[in-house]
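Protein chains in written order, with this note's numbering: chain A, 1 to 639; chain B, 1 to 223; chain C, 1 to 247.
The hints are simulated quantities; they were obtained by calculation from the structure and are not laboratory data.
Accuracy of the hints is not assured; some may be wrong.
Stated by the list, open to error - Sample of chain B residues at the chain C side, in silico, Cβ under 8 angstroms: (1) Glu7; (2) Lys18; (3) Arg93; (4) Tyr97; (5) Ala99; (6) Ser105; (7) Arg110; (8) Ser178.
To be verified - Distance condition first, Cα-Cα at most 20 angstroms in a straight line; then the derived DMTMM-like pairs of lysine to aspartate or glutamate: (9) A:Lys639 <-> A:Glu319; (10) C:Lys43 <-> A:Asp547; (11) C:Lys11 <-> A:Asp547.
This structure is a prediction, so every number in the text was calculated from the model and none was measured.
Cβ atoms here follow ideal geometry from the backbone N, Cα and C, with glycine treated the same way.
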Amino acid sequence: MAELDSKIPEGPIAEKWDKHRFNLKLINPANKRKYRVIVVGSGLAGASAAASLAELGFQVACFCYQDSARRAHSIAAQGGINAAKNYQNDGDSIYRLFYDTVKGGDFRAREANVYRLAQVSNNIMDQCVAQGVPFAREYGGCLDNRSFGGAQVSRTFYARGQTGQQLLLGAYSALCCQIGRGAVKMYPRHEMLDLVVIDGQARGIIARDMVSGAITRHVADAVAIGTGGYSNVFYLSTNAKGCNATAIWRAHVRGAYFANPCYTQIHPTCIPVTGEHQSKLTLMSESLRNDGRIWVPLAKEESRAPGKIPESERDYYLERKYPSFGNLAPRDISSRAAKQVCDEGRGIGKSKQGVYLDFADALKRLGRPVIEERYGNLFQMYEEITAEDPYHVPMRIFPAPHYTMGGLWVDYNLMSNLPGLHVIGEANFSDHGANRLGASALMQGLADGYFVLPYTIGDYLARAGICKAGTDHEAFKEAEEAVRGRLKKLLGKKEGKRSVDSFHRELGRLMWNGCGMGRTEASLKGALEKLPKLREAFWEEVKVPGDADHLNQELEKAGRVADLLELAELMCVDALDRSESCGGHFREESQTPDGEALRDDEHFCHVSAWEHAGAGKAPVLHKEPLKFDYVHLQTRSYK
Amino acid sequence: MAASQTEALSFFSTTIGKKLIMSITGAILLCFVIVHMLGNLQVFAGQAKLNAYAAFLQSLGGVLWAFRALMLLAVLLHIYTGLTLWFQNRASRPIRYHAFTPTKSTISSRNMMLLGLALGFFVVYHILHLTLGKVHPPFDPADVFTNVVRGFSQPLIAGAYVLAMIFLGLHLYHGVWSMFQSLGLTADRFDRARRGLATLVAVALTAGNISMPVAIFISNMPR
Amino acid sequence: MNFTLRVWRQKDASDPGRMVDHRADGIIPDMSFLEMLDVVNQKLIEKGEEPIAFDHDCREGICGCCGAVVNGTAHGPLPATTLCQLYMRHFRDGDVITIEPWRAKAFPVLRDLCVDRGALDRIMYAGGYITVRTGSAAEANAIPIPKPIADRAMDAAACIGCGACVAACPNASPMLFLSAKVSQYALLPQGQPERELRVKKMVAVAEASGFGACSVHAECEGVCPKNIKLTFISKLNRELIRAHLKS
Chain A
1 MAELDSKIPE GPIAEKWDKH RFNLKLINPA NKRKYRVIVV GSGLAGASAA
51 ASLAELGFQV ACFCYQDSAR RAHSIAAQGG INAAKNYQND GDSIYRLFYD
101 TVKGGDFRAR EANVYRLAQV SNNIMDQCVA QGVPFAREYG GCLDNRSFGG
151 AQVSRTFYAR GQTGQQLLLG AYSALCCQIG RGAVKMYPRH EMLDLVVIDG
201 QARGIIARDM VSGAITRHVA DAVAIGTGGY SNVFYLSTNA KGCNATAIWR
251 AHVRGAYFAN PCYTQIHPTC IPVTGEHQSK LTLMSESLRN DGRIWVPLAK
301 EESRAPGKIP ESERDYYLER KYPSFGNLAP RDISSRAAKQ VCDEGRGIGK
351 SKQGVYLDFA DALKRLGRPV IEERYGNLFQ MYEEITAEDP YHVPMRIFPA
401 PHYTMGGLWV DYNLMSNLPG LHVIGEANFS DHGANRLGAS ALMQGLADGY
451 FVLPYTIGDY LARAGICKAG TDHEAFKEAE EAVRGRLKKL LGKKEGKRSV
501 DSFHRELGRL MWNGCGMGRT EASLKGALEK LPKLREAFWE EVKVPGDADH
551 LNQELEKAGR VADLLELAEL MCVDALDRSE SCGGHFREES QTPDGEALRD
601 DEHFCHVSAW EHAGAGKAPV LHKEPLKFDY VHLQTRSYK
Chain B
1 MAASQTEALS FFSTTIGKKL IMSITGAILL CFVIVHMLGN LQVFAGQAKL
51 NAYAAFLQSL GGVLWAFRAL MLLAVLLHIY TGLTLWFQNR ASRPIRYHAF
101 TPTKSTISSR NMMLLGLALG FFVVYHILHL TLGKVHPPFD PADVFTNVVR
151 GFSQPLIAGA YVLAMIFLGL HLYHGVWSMF QSLGLTADRF DRARRGLATL
201 VAVALTAGNI SMPVAIFISN MPR
Chain C
1 MNFTLRVWRQ KDASDPGRMV DHRADGIIPD MSFLEMLDVV NQKLIEKGEE
51 PIAFDHDCRE GICGCCGAVV NGTAHGPLPA TTLCQLYMRH FRDGDVITIE
101 PWRAKAFPVL RDLCVDRGAL DRIMYAGGYI TVRTGSAAEA NAIPIPKPIA
151 DRAMDAAACI GCGACVAACP NASPMLFLSA KVSQYALLPQ GQPERELRVK
201 KMVAVAEASG FGACSVHAEC EGVCPKNIKL TFISKLNREL IRAHLKS
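Bound-form chain A, shown alone:
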C-alpha cells in the first residue's frame, strides 16, 4: 500500500516540523501571484487558510454556503481553545498537550501531526490576540485560563461563552482584510457540488450559486476543503442546519479516501430532546462541568422532583467511577456513562433520556454572582429553551452528536491521496484520533489554516506547477453535467409523497440506533440492510418543489441528504469493520468488565482509509498503520 504515504518526516518528534518546513519547496514571491487556490468553506480553517494564502500572494477564491463568511458553524463553539502556554505555571508544556491529545484520542491519531498541533497552538494564541480577539483577562491584564474536559491543567483560553464566535470573527477579519485588498474573491451563498479532477490532480470545483441557481466552473492549481464534519447524518445534532458533507463526499466519490468515518463524537452536555418537532440539539458548553455536578437518582423509575431526592439517594456517577477526573472526564467517557445510567432505567425527565447537571453546590460555594459571571448567558439560554430556571432546578442534559473525528484522509501535508486536494479542519481526519478533547477543535482548525497549509500547499504548487487546462476542459464539462443531472433527478419527482426532512429524520433515527453511542455487530448489520432501501425510497419518493433556477432551500437540502445517505453506509461499514472499541467508537462486544472501551491494538492500531469503488460496489479498505514512539500504547484511564 505504497499509495498511502503519510509523508511523516524523519527525526525526533520535536524537530520533525521544523525540519520539514526547511525541506518544503518555496515559490518566489513574484511567481506566487500566478497560482490560484480555491478554498471551500469559511470557518476557522477555511477563513484562516484563505487569508493566510492571500497574504502570501496567491490568488484565492473562497466559497461558503452561508450568506456571509462570518456565519460558518465554528461560530457556535462555546468553551475555548487550548494552547500550551503554561501561563498558569501548572506544569503544562507542548509535550503535555501532545500527550493529552494522543491519549485523549485513544491512540488512534498520528503522533507527528498531534505534536505539530501542540507546537503551533502557542502561535495561534499570539495571532488571535494580535487580531483583537477579546479573550477573557485577569485583573492584571494577562490572559485568563480555565480547565476543560480531559485535562488536569488549565490551558483553555476563552472569550466568555463565545470563544468560537470570537475566533471565527478574528479569522473572518483577516479574510475581510484580504477581500478588501482584492487578494481573495469571496463567493458567499455558493455551494460546492463537485470536485474536478484533471489527470489525477484536483484542479477545480463546480459550484451552484444558491440565489440564481447558476452552475459555475472554477479552475485552480490546488483546492482546499474546510467544510466541517458530518454529524448531521444523525439529523439531530449540535451542528448548524446547513452543515453538510457534500463537498467531502463528492471529493471522496472522485477518488479521495475517507478515513475513520465511524469516529463520531457524542457530546455529553446537550439539552435533551423534547419531541418529534425538534429540528436541532443545543449544546451547553462543556465548561459547565467545571462547576456543575452530574447525577441521577439511585433508584430506577424515580418520580420525585430533583430537589426532593436526598443526597444519599443520588448517584454522582462520574465522581464515583472516575475519582481523579470526576465531572471533567473526557467527552466519550462522560457520554457513555450517561447512556449507561439511562439504559439502567435511571434516566430523568419525561423521556428518561437525561441526567442532571446540578449547580446547587457551586451556588452555595461561590454565590450566585460568580456563577452568573461565569455562565450567565448559558443559563439564560437554557431557561429560554426549556422554561426551567437552572439557578433553582438542576439542568437536564443528554449526549448528542457534536463532532466527527473522521474525514477525508490526508498526509502530513494535509493533502489527500488525490494530488492537489487539501483538506483542513474538521473535514479531515487527522489530529483527534478516535476522540477529540474539549477546546481542541478550534485549535486544530486554526492550526491547519494559519500555520500548516500555507507552508505545505506551496510545496505542492511548486512541484505540480500551474494548471494549463481551463474551464473548457472535458473534466469540467463532465462534472458540470453530472451536477446538473443530479439536480434534475432530485427535482423530478413532483408526484413524490415525502419531504426531504422526513427522509433526513428517518436516516437520523436509523443511524442513532444503529451507529450511535453504542454499536453492535447486529445493530450495524441492521443499519446496513436498511440504508440501501432508504436511499432507494429517497430517490423514488422525495418531493422537491420549485426549480433549480431560483433560491430553493428544499433542493439544497435534498442534495445534502442524498450525500449523507451514502456516507451513512460507509460509516456503518467502517464501524462494523472496526470490531474494537476506541474513543467515540464503542463496540459493545469489546468492553472491559466494568464497561470501559476495550481497544484491540493488535488488529486495529491503524487508520482505516476507504476508497470509493463506484456506485453499488463495496468500498475498498486501505490501512495506514499507526506507530507510537513517544506516548506508549496503554489503556486509557481517567480513574
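Using the hints provided, position chains B and C relative to the given structure of chain A.
For chains B and C alone, kept in the frame of chain A given last:
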C-alpha cells in the same frame, strides 16, 4: 488649508457629520430658547419691567443684529441639514413594513421632522405677530406688554402658542437626549441622567412658556 | 396552538411580492419560531406548494443568519433574542402573526424572508480588521489589557451581524453594527495603529450603501439579540470626529 478643507468636507458629507451640525445648531437654538423664556417671564413682573427689557434689547443695535444673524444661520442650517437627513432616511427604506411595533423609540423621536417643521412655521408666525406686528393689529412697537396681553387674550392665539410649546417640548425631549449622542458625549452610566436632563429641559421650557399665554388668557377671561 | 401567519412571499428579486396568509396548526409551545415555520413548510410541501424561504443556520442564536420582523419587531417580541431562540410559548393561541423580511434599500429581498446583507460584509471588507500578517504577532501576553477594557471590547465584539439593527431602525441605519466593530478595535491597544483610517474607511462604505442616518431612536438597542448598547454609536461618532481632527 486646502487639506483641512477637504477633511472638513468629507466629514460633513457623512451622516455623522451632519448629525454633529444638527446637535451644535440645536444646542445654540436651545440656549436661545432658554434665554428667550427667562426674559419673557418678566411679563409676570408687570408692564414696566417687560417694556424696559424690550427697550434694552432694542438698544443693543449692532449686537442684536449680529445675534439675529447667528440665530438665522443656526435655524437655516438646522432645517437644511435636518431635511437632507430626512430625505436620505426616507430613501433608505423604499418598502415600508406592514406592521411596526416600536421597542424604544418615542413619539417625539419618530416625529422630529414634523415637530421641527411645525416649530419653523410657528417661529415665522411668532415673529410676524410679536416682532413685526403684521398679523394681529393693532401693534405698538414701544409697548410689548400690551401687544402680548392683547394677543394672548384671544383663545385661538393663546391656543396656537400653547400647542407650539407642546411641540417644542416634544422636539426637545428627543433633541436634548440625542444631542449628546451625536456629539459623542455619552456613557452607559450617564444614560439615566441624560434621559432625566432631556425630560427636565423639555418640561421646564414647555411649562415656563405655556404659563404666559395660559395666565394671561385666564386673567383676561370675561367673568 | 393554532396561528394565522401573514407572511411576505416574493419569488425573487424581480417579483414585487405580497403578504400571504398561511395556517400554522398543531403548534406545540416548546417549538421555536423556526420550528413552527418548519411545520408550516412541511404542510406546504405536502400540498405541492413552495415552502416559505427563510435564512437560518445554527439555530442557537449565535450565527446571526436568521431574522424576520415578527408583528412589527425585528426578531419578535422578546428582547435580546434571535428568532431561532424565540419559543412559541410567548404567543397566544389563535394569534395572527405578521412575518416580514428585513426591509432596507441596502438589503434587497432575495426570496420571501431571505435578504442580501452583503452590505454589512462590505463595510467589514473596508476596514473591519486589524492588519496583522499571519506569523508576525507578538507573544500573546506581551501587551497587558486591563480587564474592564477587555470586557468592554467583548461587549462590542458580541455582535452577530444579523442586521436586526438595520431592520428595526426607522431610518434603516447600520450604526449599531458599525459602531460595535469600530469600538472593539478602538478600545484595544492592538487596534490603535489603524484607528483613524479604519473608522473613516468603514463609515465611507456604510454611507455609500444606501443606509440611513442614526436618529437615536434606539430601536436598534431594543431589538439587538446581543444587547449591544447605543452608547457604542456615541463612541463611533467620537471616533470619527477624532479621526478627522487628527488629520
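Okay, the hints, checked on the actual structure:
Satisfaction of the interface hint for B:Glu7 is found here, the shortest Cβ-Cβ separation to chain C being roughly 6 angstroms, below the 8 angstroms cut-off. Contact between B:Lys18 and chain C, as hinted, is supported at the beta carbon level, the nearest pair being about 7 angstroms apart and thus within 8 angstroms. At about 5 angstroms, the closest approach between the beta carbon of B:Arg93 and any beta carbon in chain C falls short of 8 angstroms, and the interface hint on this residue holds. Given hint, B:Tyr97 at the interface with chain C, holds; its Cβ is 6 angstroms from that chain's nearest Cβ, closer than 8 angstroms.
Against a cut-off of 8 angstroms between C-beta atoms, the interface hint on B:Ala99 holds, since the closest Cβ of chain C lies about 4 angstroms away. Interface restraint check for B:Ser105: the shortest CB-CB distance to chain C comes to about 4 angstroms, inside 8 angstroms, so the restraint holds. For B:Arg110, the suggested interface contact is upheld, since its CB lies about 6 angstroms from the closest CB of chain C, less than 8 angstroms. Because the smallest distance between the Cβ of B:Ser178 and any Cβ of chain C comes to about 4 angstroms, under 8 angstroms, the interface hint for this residue holds.
For the hint linking A:Lys639 to A:Glu319, the alpha-carbon distance of about 9 angstroms falls within 20 angstroms, and the restraint holds. Between C:Lys43 and A:Asp547, the direct Cα distance comes to roughly 19 angstroms. Compliance with the 20 angstroms bound is thereby established for this hinted pair. Distance check on the hinted pair: C:Lys11 and A:Asp547 sit about 11 angstroms apart at the alpha-carbon level, within 20 angstroms; holds.
Every hint from the earlier list agrees with this structure, and none is contradicted.
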